[in-house]
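Engineer: Take a look at the letters that make up each chain.
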Amino acid sequence: MSRSLGDIVGALGGELVGNASLQIHRLAPLATARADELSFVAQARYAAQIQTTAAGALIIPAGLRDAAMSRGACIVCDDPYLYFARLTQWWKAQHEPAEAPRVDPSASIHPSALIGDRVSIGPFAVVGPGARIGDGARIGPHSIVGRDAAVGEETLLHARVNIGDRCVVGQRCILHPGVVIGADGFGFAPHQGEWVKIEQLGAVRIGNDVEIGANTCIDRGALDDTVIGNGVKLDNLIQIGHNVRIGDHTAMAGCVGVAGTATIGAHCSVGGGAIVLGHLMLADRVNISAATVVTRSIHQPGLYTGMFPIDDNAAWEKNAASLKQLGRLRERVRALEQRVENNLPKS
Amino acid sequence: MSRSLGDIVGALGGELVGNASLQIHRLAPLATARADELSFVAQARYAAQIQTTAAGALIIPAGLRDAAMSRGACIVCDDPYLYFARLTQWWKAQHEPAEAPRVDPSASIHPSALIGDRVSIGPFAVVGPGARIGDGARIGPHSIVGRDAAVGEETLLHARVNIGDRCVVGQRCILHPGVVIGADGFGFAPHQGEWVKIEQLGAVRIGNDVEIGANTCIDRGALDDTVIGNGVKLDNLIQIGHNVRIGDHTAMAGCVGVAGTATIGAHCSVGGGAIVLGHLMLADRVNISAATVVTRSIHQPGLYTGMFPIDDNAAWEKNAASLKQLGRLRERVRALEQRVENNLPKS
Amino acid sequence: MSRSLGDIVGALGGELVGNASLQIHRLAPLATARADELSFVAQARYAAQIQTTAAGALIIPAGLRDAAMSRGACIVCDDPYLYFARLTQWWKAQHEPAEAPRVDPSASIHPSALIGDRVSIGPFAVVGPGARIGDGARIGPHSIVGRDAAVGEETLLHARVNIGDRCVVGQRCILHPGVVIGADGFGFAPHQGEWVKIEQLGAVRIGNDVEIGANTCIDRGALDDTVIGNGVKLDNLIQIGHNVRIGDHTAMAGCVGVAGTATIGAHCSVGGGAIVLGHLMLADRVNISAATVVTRSIHQPGLYTGMFPIDDNAAWEKNAASLKQLGRLRERVRALEQRVENNLPKS
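Chains as they are written, first to last, in numbering that gives the first Met the number 0: chain A, 0 to 346; chain B, 0 to 346; chain C, 0 to 346.
By construction, these hints were calculated from the structure, which means they are not laboratory data.
Where is the CB? At the ideal position from N, CA and C, for every residue including glycine.
One thing to keep in mind: the hints can contain errors.
Covered stretches of chain A, going by a simulated chain C footprint (3 or more residues, C-beta under 8 angstroms) [to be verified]:
id	segment
1	15–29
2	77–83
3	160–168
4	172–184
5	233–239
6	336–343
Derived DSS-like pairs: lysine-lysine, alpha-carbon spacing no greater than 27 angstroms straight-line [what the hints assert, rightly or not]:
id	chain 1	residue 1	chain 2	residue 2
7	A	K323	C	K317
8	B	K196	C	K91
9	B	K323	A	K317
10	A	K91	C	K196
11	B	K323	C	K91
12	B	K317	A	K323
13	A	K317	C	K317
14	C	K323	B	K317
Let the hints inform the model, and build the full structure from the sequences given.
Structural biologist: In C-alpha cells:
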C-alpha cells in the first residue's frame, strides 16, 4: 500500500513542493531510499546527500529548500526530525489500523479486578484481585497485573510484562516484552555472616507517557515507593534499584544500572552501560556518557564522562601497565622538579 | 491498619521506652517518617537526625538511648538494622496473611510430577515430567519447572521463572520474575570459521536460602553442574556463565556478569556492573567494587577496584588523550631522570 | 546408561587405541573425570594432566599419542575440541531421544497461521495471524510468534521467547528463554523538552544457525530491518539496538550492548560487558576485549581493548586520583623537558 505526498501534508502539515499525487510506498533512510520512498534531511550537515539520494521525496528544513527543490519533491518544515517522528506515527496508524478491543477468553481475570472500557487483554494474561485497568488499555499475552496494581488509560503492555502487586503505571505508557515492575529491591541486613531479608514494603509508581524497553527491571521500594516521572524513556535491559527517583523526561540507553536510592533529575540522559551508584543525587539536565560510572552526586548540568579509551590491545597493555604506576610516576616528576629547581636557573 | 509498639516488641523483642499503645501505621525512612510511623537509626552517624525526624517512634542502639528518649518513644536493641529487617518480615506477614495453597486449574502439570503438600501453582504454570515440587513451595503464574527438575520446600518462584530440565533449586529460595535457570552455557568449538555447538550436558544446582533477582540468568554447566551456594543473594539482570561456582552467602549487585568456569568464594561481594572473566578463582571474602573488571584470580581477601573516574567531559577528554600517551610519558620521564642524573648534583 | 568407546568411534570416527568395549558413563572435565568417564585434551599445554587424570579414556591429538597410550584407552583425532563438541551432540541425542512432534491443546494458534510438518508447540504458546512455522520447528511453552512473523525449519524456540510482528528467524536456530526479538528500537525526537516517539517500522531478520542466549533483546529497525547474519552466536542478556547489522559467524559474550545502527563485520568477537556505540562500523575479524567501550569505527582486524586494570582498592584510589591530573602531569613533564633542554648538555 502507499500514500500520496498530498495525503501526508494534509495530515501532518508542512509546505509541499512538487507533485502532490506522488505515491510513497515506504519511509526510508536517506542512503537507501528509492524513487517511491520518502526520506528526511534533519540537519544541514547531511545536505551533501540531497544530491545523491534516490529518494522520491524529502522532508527538509527551510534552509535547504533551494538545494532540495532542484532535485524533486519535498516537504519543507521547521523541524524535519520531529516531522519525521510524527510521520512514523501516522504511517503506522495507516498501516496497522487499531484492532477492536478484545478480551481473550483464555485470560485469567480476577472477578474483583476493575476493567475499563475498550480494554484489550491477550491470551494467558493474568489480572489479579483488585487490579484496575484504565479505559483503552491493552494488556498483552502472558502479561500479569498484580494484586491491587493499576494500569492507566491507553497504556500498552506488550507481551509478558509484569506489574507487581500495588504498583501503578500511568497513562499512555508503553512497556515492552519482559519488563518487570515491582520485583523486590535488593535489601538485606548482615547477621553473623549471613543475609537477613528486608521485605520490600514499597511499590513502584510510574508517571504518564513513559516507555520502558524489553527486559528492563524496576524494583519496588523498601519503605517508600520507587518513582519514575512523566515522559521518562528507558531502553532495554536497564536495572532500576529500589527507592530510585527519576525526574520527568529523562532518557536512559540500554544496559544502564541505577543502584538503590539514587535520585536523578529531570531532562537527564544516561548513556548505554553506565552505572549510577546508590544514594547519589543528579541534578536536572545532567548528561552521563556511555559506560561511565557515576560515583558521586552531580550538582551542575553538563556532560560527564569516565571510560577507558579503546586502543589496539598491545598499546592498551602498555598504557594500562603504566597506569598502575601512575602515582609513582607523579612522585618521580615531583622529585625531578625539585632537583631541577634547586640546580637550574629559571629559563 | 496499624500495630502498637507493644505488639511489635512482643513479637520481636527489644526494650520498649515509651507508650506501648502507640499505634504504628507504617515503617518509614527517617527523613520522611510521620508521627504515626516507626523508623530506625542504625548507626551513630545518623544520630543528628534523631532530633529532626518526625517519626513517632525510633528503633535505636543502646548508645543513642539518651538522645532518643528525650524526644519520644523508642525501641532499644543491639542491632537496629537487623531488628528493622526482621520487623519488615513480621510487618509483611501481618499485612499479607499467607494465602491458602491453591493449584490453579489452568496450570499444566505432568502426571509424573511429584507435587508436595501445601504447594501453590499459579495460572498457566508448567510442571514437566518427573519434576519434584517440595512441600509448601509456590510456583508463580507462567513459571516453568522442567523435566526432572526440583524445587525445594518453601521456595517461592515468582511469576515467569524458568527452571530448566534437571536443575535443582534448594529450600526457602526466592526467584523473581524472568529468572532463567539452566539455559545452555555459551560453548562452541571453532571449525573452519564457523561455530560447532557444544551441547551443555550439566545442570544447575542452587542451595538453600538463595534469592535471585528479576531477569537474572544462570546457565547450565557443560559437563559438570553450575553451583550456587547456600544463602547467595543475586540482584537483577545478572549473568552467571556455565560451570561457575559461587560460595555460600556471597552477594552480587545488579548487572554483574560472571563468565564461564569462574570460581567465587564464600562471603564475597561483587558491585553492580562488574565483570568477572572466565576460569578465574576468587578467594573467600573478596569484595569487588562496582563496574570493575576482574581479569586475574584474587587469592587474598580485600577490596579490589578498577574503574575510570568520572569527570566533566572536557577534563575527561584531556586526561583520556594523555592516557593513551602514558607509556610514552614514562619513557620521557625516564629520559629526563637519566639526563638530570648525569648532569646535576644530588640535591 | 552408558556407551562403549567402540560405539563412539563408530559414530564419530577417530582412531581408537585400547579397549573398544570400555563403557563410558559420562563425558567429564579432565580434572574430575573418573574411570568410567571420557575426557579430552585439546591442546598440548594440557599434556601434563594426561598422567594425573583418572579418566578412563581420553580424546587426544596425534601429537600426544605416545604420552596418552601409556596410560590407557584413547581416541586419536585431528581436533579433539571439535571432536568433543560433536560428541556432546551425539551424546545428548543418545540420552534424550527426540520427542514426537506435539501441539499442546492449550496453545493459542491463529487459524491463519501456517504450521509446517513435524512442528511442536508447547503449552500456552501463542502463534499470531499470518505467522509461519517451518517444518520441524519447536515452539516452547509461553513463546509467542507475532503477526506475520516466521520461524524457520528445525528452529528451536525454548520457553518464553518472543518473536515480534513481521520478524523472521532462519533455520536451525536456537533461542533461549526470555529472548525478545523485535521490541521497538529506542527512537525519539526531542521537542520542547519532551520526547516524541518515532514508530519503529522495520523488523528483525535473523539468519540460519543462529543461537541467542537467555533474556537477550534484538530491537526492530526504525525504517530498515535489524539484521543478524548466519551462524551468529549471542550469549545471555545482550542488547542489540535498532538497525544494527551483525555479520556471519560473529560471537558475543554476555551482557554486551550494541547501540543503534552499528554495523559489525563477520567473524568478529565481542567480550562480555563490552559496549559498541551507535553508528559505528567494525570490519570483519575484529575482536573486542571484555568490558571495552568501542567509541570509534575499527577498520583493521585485530584485538582492541580499553578497560581500567583492577588493583587493590588503595592502589586504585591513588592511581585514579593521579589519572585526573594526567593532562597536568604531561604539561609538567613538558616544562621540565624545556628547562632541561635549555640548561643541560645532551647526555
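Engineer: Each hint needs a verdict: does it hold in this structure or not?
Structural biologist: Against the structure, the hints:
1. 15–29: holds (count 4)
2. 77–83: holds (count 4)
3. 160–168: violated (count 0)
4. 172–184: Since three or more residues must qualify, the claim that chain C covers the segment 172–184 of chain A holds, with 4 doing so at under 8 angstroms.
5. 233–239: Answer holds; 3 residues pass the 8 angstroms Cβ test.
6. 336–343: holds (count 3)
7. K323/A with K317/C: holds (9 angstroms)
8. K196/B with K91/C: Roughly 12 angstroms separates the two Cα atoms, so the pair holds.
9. K323/B with K317/A: Holds, at about 9 angstroms.
10. K91/A with K196/C: The given pair, whose Cα atoms are some 12 angstroms apart, holds under the 27 angstroms limit.
11. K323/B with K91/C: violated (49 angstroms)
12. K317/B with K323/A: With Cα atoms ~19 angstroms apart, K317/B and K323/A stay inside 27 angstroms; holds.
13. K317/A with K317/C: holds (19 angstroms)
14. K323/C with K317/B: Distance of about 9 angstroms is within 27 angstroms: holds.
Comparing the model with each earlier hint shows violations of hints 3, 11; every other hint is respected.
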